[in-house]
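Given the sequences, and given the hints that come with them, work out the whole structure.
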Amino acid sequence: MVEKVEYNKDLDSKLKEIFAGGHPKYHERLKEQNKLFARDRLALLFDNGEYTEDGRFANYEAGDLPADGVVTAMGKVNGQTVCVMANDSTVKAGSWGAKTVEKIIRIQEIAEKNRVPMLYLVDSAGARITDQLEMFPNRRGAGKIFHNQVRLSGFIPQICILFGPSAAGGAYIPAFCDLLIMVEGNASMYLGSPRMAEKVIGEKVTLEQMGGARMHCSISGCGDVLAANEEEAIAEARRYLEYFPANYTEKPAVKETIEAKAGRTLEAIIPENQNAPFDMYEAIDALIDEGSFFDVKKLFAPEIITGLARIEGQPVGIIANQPKVKGGVLFVDSADKATKFINLCDAFSIPLLFLADVPGFMIGTSVERAGIIRHGAKLIMAMSSATVPKISVIVRKAYGAGLYAMAGPAFEPDVCIALPTAQIAVMGPEAAVNAVYSNKIESIEDPKEKLAFVQEKHREYKEEIDIYKMASEMIIDDIIEPSDLRSVLADRFRLYSTKEIAQAPRKHPVYPV
Amino acid sequence: MTQLKSSMAGTVFTVNVAVGEQVAAGQVVIVLESMKMEIPVEAETAGIVTAINVNVGDFVNENDVLITLGE
Numbered sequence: 057m058v059e060k061v062e063y064n065k066d067l068d069s070k071l072k073e074i075f076a077g078g079h080p081k082y083h084e085r086l087k088e089q090n091k092l093f094a095r096d097r098l099a100l101l102f103d104n105g106e107y108t109e110d111g112r113f114a115n116y117e118a119g120d121l122p123a124d125g126v127v128t129a130m131g132k133v134n135g136q137t138v139c140v141m142a143n144d145s146t147v148k149a150g151s152w153g154a155k156t157v158e159k160i161i162r163i164q165e166i167a168e169k170n171r172v173p174m175l176y177l178v179d180s181a182g183a184r185i186t187d188q189l190e191m192f193p194n195r196r197g198a199g200k201i202f203h204n205q206v207r208l209s210g211f212i213p214q215i216c217i218l219f220g221p222s223a224a225g226g227a228y229i230p231a232f233c234d235l236l237i238m239v240e241g242n243a244s245m246y247l248g249s250p251r252m253a254e255k256v257i258g259e260k261v262t263l264e265q266m267g268g269a270r271m272h273c274s275i276s277g278c279g280d281v282l283a284a285n286e287e288e289a290i291a292e293a294r295r296y297l298e299y300f301p302a303n304y305t306e307k308p309a310v311k312e313t314i315e316a317k318a319g320r321t322l323e324a325i326i327p328e329n330q331n332a333p334f335d336m337y338e339a340i341d342a343l344i345d346e347g348s349f350f351d352v353k354k355l356f357a358p359e360i361i362t363g364l365a366r367i368e369g370q371p372v373g374i375i376a377n378q379p380k381v382k383g384g385v386l387f388v389d390s391a392d393k394a395t396k397f398i399n400l401c402d403a404f405s406i407p408l409l410f411l412a413d414v415p416g417f418m419i420g421t422s423v424e425r426a427g428i429i430r431h432g433a434k435l436i437m438a439m440s441s442a443t444v445p446k447i448s449v450i451v452r453k454a455y456g457a458g459l460y461a462m463a464g465p466a467f468e469p470d471v472c473i474a475l476p477t478a479q480i481a482v483m484g485p486e487a488a489v490n491a492v493y494s495n496k497i498e499s500i501e502d503p504k505e506k507l508a509f510v511q512e513k514h515r516e517y518k519e520e521i522d523i524y525k526m527a528s529e530m531i532i533d534d535i536i537e538p539s540d541l542r543s544v545l546a547d548r549f550r551l552y553s554t555k556e557i558a559q560a561p562r563k564h565p566v567y568p569v
Numbered sequence: 140m141t142q143l144k145s146s147m148a149g150t151v152f153t154v155n156v157a158v159g160e161q162v163a164a165g166q167v168v169i170v171l172e173s174m175k176m177e178i179p180v181e182a183e184t185a186g187i188v189t190a191i192n193v194n195v196g197d198f199v200n201e202n203d204v205l206i207t208l209g210e
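First to last, the protein sequences are chains V and A.
Position one of the first sequence corresponds to residue 57 (my numbering), numbered consecutively onward.
Position one of the second sequence corresponds to residue 140 (my numbering), numbered consecutively onward.
Just so you know, the hints here were simulated from the structure itself, not pulled from any lab data.
Take the hints with a grain of salt, since some may be wrong.
[As the list claims (entries may be wrong)] Mimicking DSSO-like on lysine-lysine, the simulated pairs with C-alpha atoms at most 30 Å apart in a straight line are: (1) V:132 x V:311; (2) A:175 x V:496; (3) V:396 x A:175.
Structure (structure tokens):
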């Protein structure tokens with residue numbers, strides 16, 4: 057008897073058709089744009105390029121819509137299972153039909169049930185207008201994708217890599233993610249296209265100006281990481297995930313210690329003159345394991361640095377003022393940037409390290425009109441509500457509400473450490489002496505006498521805010537040598553790793569913004 | 140032609156270059172003072188200083204043009 061060897065021989069050819077994606081001319085177009093095919097992106101993302109796919113035959117009967125323009129799959133990244141949806145822009149420009157939307161919703165549901173991170177690989181022209189009744193307004197329409205994203209926010213990590221356009225409503229996928237990586241030159245997001253803007257409001261603008269990757273990563277703050285190409289974008293997503301647990305009930309992994317980068321000591325890096333700028337990145341390098349920094353929103357509001365790193369293998373989220381940019385002063389955008397980062401770390405049990413060198417929040421009409429008070433309140437609320445281990449290091453000055461925003465003593469940091477260069481005050485000596493004695497200073501006519509008076513008051517003021525006096529009053533917990541800071545932080549974070557604080561009995565605070 | 144603009148409101152503390160001078164990318168061309176801090180303004184690209192729009196002591200607003208660089 058001859059054994060049966062052929063069985064439903066159509067299956068193989070049908071799958072081949074599906075795996076090939078859209079028409080070859082669209083694959084050619086991808087190459088011209090330096091873009092990869094959706095399935096090649098997945099092969100780069102997953103460990104060994106292996107993944108398990110769902111809904112392969114979705115809309116197969118339509119004939120020209122393989123997988124209905126989206127690949128949904130599970131696989132491993134750094135050994136951790138994740139769920140992914142990837143738009144296929146060779147199929148109707150990656151637009152969303154009814155089955156596309158259903159597939160995305162289903163993979164979100166799988167991520168929720170299995171409590172694993174969800175990644176969105178977006179490259180889509182938006183809704184298929186022809187399908188709008190089936191995919192736009194209904195209970196399991198596109199709105200449900202965003203509703204799921206909101207419910208999943210803080211439950212599992214959600215990351216978006218934007219390879220192409222993300223238009224109109226579709227632009228909310230990246231907006232609801234924890235992290236958005238954008239590929240320069242190709243990624244864009246906008247509610248209305250330049251063509252629509254010209255027709256509707258008469259504005260003439262290019263796509264890059266309107267919603268390009270660089271614009272969003274440096275001006276709007278919607279983008280977190282600007283990648284030079286797709287390979288880099290995918291590698292950055294993999295690197296980012298190393299800092300995160302699978303979901304909020306777990307803790308992030310501790311890795312082997314790597315020595316800090318060889319370089320100048322903190323004593324050499326930090327000028328004693330409070331007003332002189334220095335590069336906080338160099339100071340961070342002296343504290344963290346070499347090569348462990350993952351900069352979040354590097355190009356946006358660079359007067360504050362927010363990034364993930366490791367100190368003796370332990371993951372930490374660093375919030376640091378950057379005196380080199382805008383004097384490290386806090387603005388509306390800096391408050392925005394730090395708020396989201398603190399919320400991100402707190403959601404996934406990543407301890408926080410604040411490195412304060414801050415003259416305060418910006419003053420003047422321009423920022424008052426922009427609502428700096430409510431934005432500052434938002435930052436202080438996020439910092440104050442965070443229940444992960446929090447260490448506050450007063451590097452140099454911490455003036456006014458700047459001290460509050462950087463987890464000053466009143467906000468229950470687990471420890472507030474000062475370097476010998478620290479200076480804590482309502483305002484700096486120059487401003488304070490002017491504020492208190494301005495009438496007296498003006499009344500002194502002899503310039504020499506005036507100078508002597510001012511200098512004497514500066515001296516008195518500096519004595520009043522002397523850091524050893526602050527330590528004696530138990531305002532700060534300790535003063536340490538800058539060179540010891542790395543090992544002190546490593547020890548302290550290990551000690552606080554069991555920290556647990558009960559949440560206040562309420563639903564949630566009323567957010568100021 | 141590139142225009143270097145003020146990143147924030149403040150006063151001009153020092154002007155470190157002169158018209159006609161060649162500057163390198165990353166070179167500090169002006170230092171502003173704001174919130175009692177020195178704020179260095181760096182040239183974003185290399186070029187020749189074609190105009191200096193401010194004097195020491197001037198108040199500048201965010202986005203005011205400080206210096207113009209030519210090829």
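Practice problem: Check each numbered hint from earlier against the structure, then list the numbers of those it violates in ascending order. | Solution: none
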